[in-house]
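Colleague: The chain contents come next:
Number of protein chains: 2
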Amino acid sequence: MSKGIHVSATNAQIESMKDERKNPSFDSRSLTFLLYGGEKAVRTREEIRDELERRLGETDNNKIPHTYVRGDRTEQYHSGLETGRIVQSVAQDMQIFDFEDERQALLFAAYHREASPYGLHTSMFIPTLKTQASEEQQKEWLGKAQRREILGTYAQTELGHGTFVRGLETTATYDVERKEFVLHSPTITSTKWWPGGLGYTSTHAVVMARLIVKDKDYGVHGFITPLRSLDDHRPLPGVILGDIGPKFGYNANDNGFLRLDQVRIPLKNMLARFSRLHEDGTYEKPPHAKLSYGTMVFVRSNMILNGASALAKASTIAIRYSCVREQGMVQPKQAGETKLMNYKSQQYRLLPLLSHAFAIHFTGFYILDMYKDLLRRLDGSDFSTLPVIHATTSGLKAYVTTVAADGIEEARKCCGGHGYSQFSGLPTLFADYVPSCTFEGDNWVLFQQTARFLIKSLKAAVAGKPLAASVAYLKGYRAVGEGQKSQAKSGQDLLIPQVQLKAFEHRATRLIMEAAQLLETDRKAGKQYEISWNAHMIDLIRAARAHTLVVILTAFIERVEATTDEKNKRVLKKLCDLFCLYNIESPFAPCSSEFVEDSYFSPAQIRMARDNVHHLLSELRPDAVPLVDAWNFSDAALESALGRRDGNVYETLYNWASQTPLNQKAAKEGGVDVEGYTKHVKKVLEG
Amino acid sequence: MSKGIHVSATNAQIESMKDERKNPSFDSRSLTFLLYGGEKAVRTREEIRDELERRLGETDNNKIPHTYVRGDRTEQYHSGLETGRIVQSVAQDMQIFDFEDERQALLFAAYHREASPYGLHTSMFIPTLKTQASEEQQKEWLGKAQRREILGTYAQTELGHGTFVRGLETTATYDVERKEFVLHSPTITSTKWWPGGLGYTSTHAVVMARLIVKDKDYGVHGFITPLRSLDDHRPLPGVILGDIGPKFGYNANDNGFLRLDQVRIPLKNMLARFSRLHEDGTYEKPPHAKLSYGTMVFVRSNMILNGASALAKASTIAIRYSCVREQGMVQPKQAGETKLMNYKSQQYRLLPLLSHAFAIHFTGFYILDMYKDLLRRLDGSDFSTLPVIHATTSGLKAYVTTVAADGIEEARKCCGGHGYSQFSGLPTLFADYVPSCTFEGDNWVLFQQTARFLIKSLKAAVAGKPLAASVAYLKGYRAVGEGQKSQAKSGQDLLIPQVQLKAFEHRATRLIMEAAQLLETDRKAGKQYEISWNAHMIDLIRAARAHTLVVILTAFIERVEATTDEKNKRVLKKLCDLFCLYNIESPFAPCSSEFVEDSYFSPAQIRMARDNVHHLLSELRPDAVPLVDAWNFSDAALESALGRRDGNVYETLYNWASQTPLNQKAAKEGGVDVEGYTKHVKKVLEG
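Quick mapping for you: the protein sequence lines, in order, are chains Y and U. Per our numbering, numbering through the first sequence is continuous, rising by one, with the last residue being 687. Per our numbering, numbering through the second sequence is continuous, rising by one, with the last residue being 1374.
Since the hints were made in silico from the structure, they are not lab data. Fair warning: there could be bad hints in the mix.
[Stated by the list, open to error] Keeping only pairs whose Cα atoms sit at most 25 Å apart, straight-line, the calculated BS3-like set for lysine-lysine is: (1) 1026/U / 527/Y; (2) 679/Y / 665/Y; (3) 1020/U / 527/Y; (4) 690/U / 333/Y; (5) 139/Y / 1369/U; (6) 690/U / 1214/U; (7) 524/Y / 1020/U; (8) 333/Y / 1214/U.
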């Protein structure tokens, strides 16, 4: 009853999509090269992608993607184990081993790295061994881990304790007689909870636990802990493991729990590169507390790029669909219905999202450059840029993940009813993306880390001390304090990069000054600093957010100015202007009120910005599809009937639906779901 | 390996929750009565709820809710068929038949009405027969439908056509010889797509199709169409049916597709209460086009109340959890960690959400009163209030569903990592709630319907004509045009209801005037009205949104003022102030810039509003748990380990996890997931 239909060589939607590509103002392929670091890098990406899609059996876009033929939770986990194994085999055969290899990042980003039960083995277990294990420890474990003879995870979070590491309860008590640690979970809240692959996959974990020696607590350290027998995978004595249950997304991953009941491991299992414990129980402190920040910066830079990618994916799907979907009429007697994308509201919702994806993407590369510079400096024991990079990436991670998560959902809503179908690709994208707002530091907490740096920087500015480049604008604090106004006299003025940056810098400076003033007033009144910080948290977070947008706009402007191809440059400039001015004028853009609440911009200037935005939307509209094409997502990567490159959305929805197990089974039973009918519907009908 | 743990009589979390309830400033139970229309109504709700939970086997909150033991899609559908059958049996036994019965609304709202495969039978099929079928038709079908001898759905949306009814392609061609209609789906895009229960449950549908008589198209009409044999449930000849595949949520419902291949039904099957076709093919027009608006208003009023309920549920979960979850420290040397709820950022994120739930809830009742008045008027053929009610409910539906959907996700993020677990209850709540933003009219389209009314009303105001009460404020357009400013001199002034309302009315008036001005300028330049409307859509939508907030604030203020119990009144006043001032001062509140971009509020006034908000947060903090308690959700209704009334969150997370099929099976196999290990993990380990 629910057979699929013949796929047309062409139809109205396919023709409509062809029209969208007829007259781009720039060369889409050349923009792809610009986005991903040149032609060679793009070809490498494509090789990896094609090989993966071939092995995963995802090359036929008329076949329902396996994501949408989900079994129960257990089957989903097994399918994750299988997919992960295939991805690993590609990595092996293409010799992509190093997590910091950009190809590896791509490999995993494209294929749901964290959703793989082996994900943390690659992204956390091996890197931890590399950076925190001593040479002897690496000799014992690193090779085995790289050859997958052991599978590890990283167990830090506990049921009752999240990012606040000092709160962890798990103990590792040193038994000086037997030269062993006794690992123990003293309470229910100390149960390790959330680590990926912990439930039924991993054989080992780096367990973060409080080191206790002769009743003294030395704080949290890492311990290489065998969890399961390498013979039959059974949990070792005293080890209680399981899966934490279903989640919003990530259901192919066995995020797990772990309870340790007086589990003994030898002295040599404590990670010993920096701090170490001697046989007699003497403790040796790490030389520098900031050594592990490097990895954190790297992980966050990647999160920026992943955020851009997720947002670009969502924009690709929604924009392509809006360019073939017709609904209603702008004019009462027009021929045929109007494409969604020709409604101003759709342009106003989608094109700024796309501009954010570009802005964030370029910022990601900008930060990667900072990271590479940091690595060079750290090699020479130069820690000077660590605070600014840490502050910058904290704020960026918080801003980017929030914008991307909200943007994916907005793009989904832009697809109307069909956006609610899993076949749109958007529900899965959203559910798998949103944990980014929480993991690697909750966004509202991270902004405060940026804020601490900004308050310090403002003090330095006032004291006339040198400032890091990214906060050099704070030198202008006096003019801000005197209530400077934008000097823009026309819409044209608002397109000048210096004018744009100045507005963003003014906002950030003002908010940092206001927050600092609130803290200072409290200090004079004798309030404790920490209490005062909590009271003014929102002001501090706003300041951090405003500064983060200065960083992004700077990165975007620099990228536009460095672009040599004139056509690319022209379209990127439009996107950059849209990004900037939308954030200023749109009442729907979070925190846009901050540009006007101190009258920095007058009502007339806001109207100019708004007119510019509407003009930019009209200018960018004809380039919409070529712009999303430039992101170069394959149909398989999008997993979306609506986002198909060729525009054939309706036949795809129909054909994918006909391939679901429910329909396939009913087709064999005369168009009836016999079990549901017999057990339930029949009874209802018969009363 | 993953046995559950003993549930403690008490623990730190349970004690912590008890503390939260020790000193409320008001009586929580009395607020419950106020919320739901008095003690009797509350007791009726509780009776229904208790009976339902008993029959559904949901009374033990230490048992994992069946929602989280999801099988594959087919099993989910079967479980929907079963749950729906139980809900029906409660309705039968408690004699709750009428969809417009408030108890029925409650019954379905509480237990996922639309997710039931029988949902549309009750909410659309029966009401359509009641309102649009002739007496003879009712005699033939209504009794059968009410006794569930037939199960119906409502098939309007098509694969290529959504809310734009005129675009529908399905045809019903009258064959005057045989006195039959021939129903046909001429294209793939004409396939009916989305109707609930259509896939494998329903036996009948009201099919919306273009009536064609002698080559003349009379537009879209409804046809009662048998789909399946009442003997064996097989699709009737020419009828092709199936399930449309997995969705974001609603997976217990077989939202379906339907293709009709020259299917013949008799003349008497065309819905004939208003328009009818005579045997000879003579068509009789309906007397008044607005007759079906009554039901639409009712459905939207219910959506307002459901929005409040969904938002209140999410707030309940996040606030309760934040009151027992401890994380980090405000002060460096404090005893123990700080409750999440004591961080200013958490208060700033959650308490305004809660205030919105109250605001929306009271607005829902306010609209229900308008609806009852409308019914009385319609009985006397008085259509005068229809335009204003239609405009008001359109804007409210758009605003409320947006705020509730965004609010649920924000509440989820406020729960940190555990918010991502399905056991938080929030992922399911979100996924099942979000389609509300799209169905019954896409939000961005609905705001435009409100805008049309506002533009007309402004013209009436300028012409000195009488205005509906809800837009009477437009009479003040002159002062607005002259750039009036808020006269508030102190924070205290900003708590005066008239001052608050005036600010909201000023904003709405200004935006309506600006939008009207843009249209007028275009008109003078000779632009076509519809083109001009599309160009200024965003301005029009903003105007409609601003007006909607006037309606809500008015309803909230009226409810506060009508409250007799002094303690209830005091706490509601605080919530009302928070709702109002947060929307003015917070840069995170959408469109707050509109209060400052014309300098209606000065920077000093915004700072006063902000100080008030922070003061209100501190005042409301001790009442947080009693306030969410007042919404009176049972543990079973929340389906949340984090939102449990007693605060026992961690033991619940652990115990529910131990009950998942994956863990239960592994427990029997020595703590190993034997299938996953043998098929996949072992292979990886062995290389």
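Colleague: Does the structure break any of the earlier hints, and which numbers would those be?
Modeller: 4 and 6
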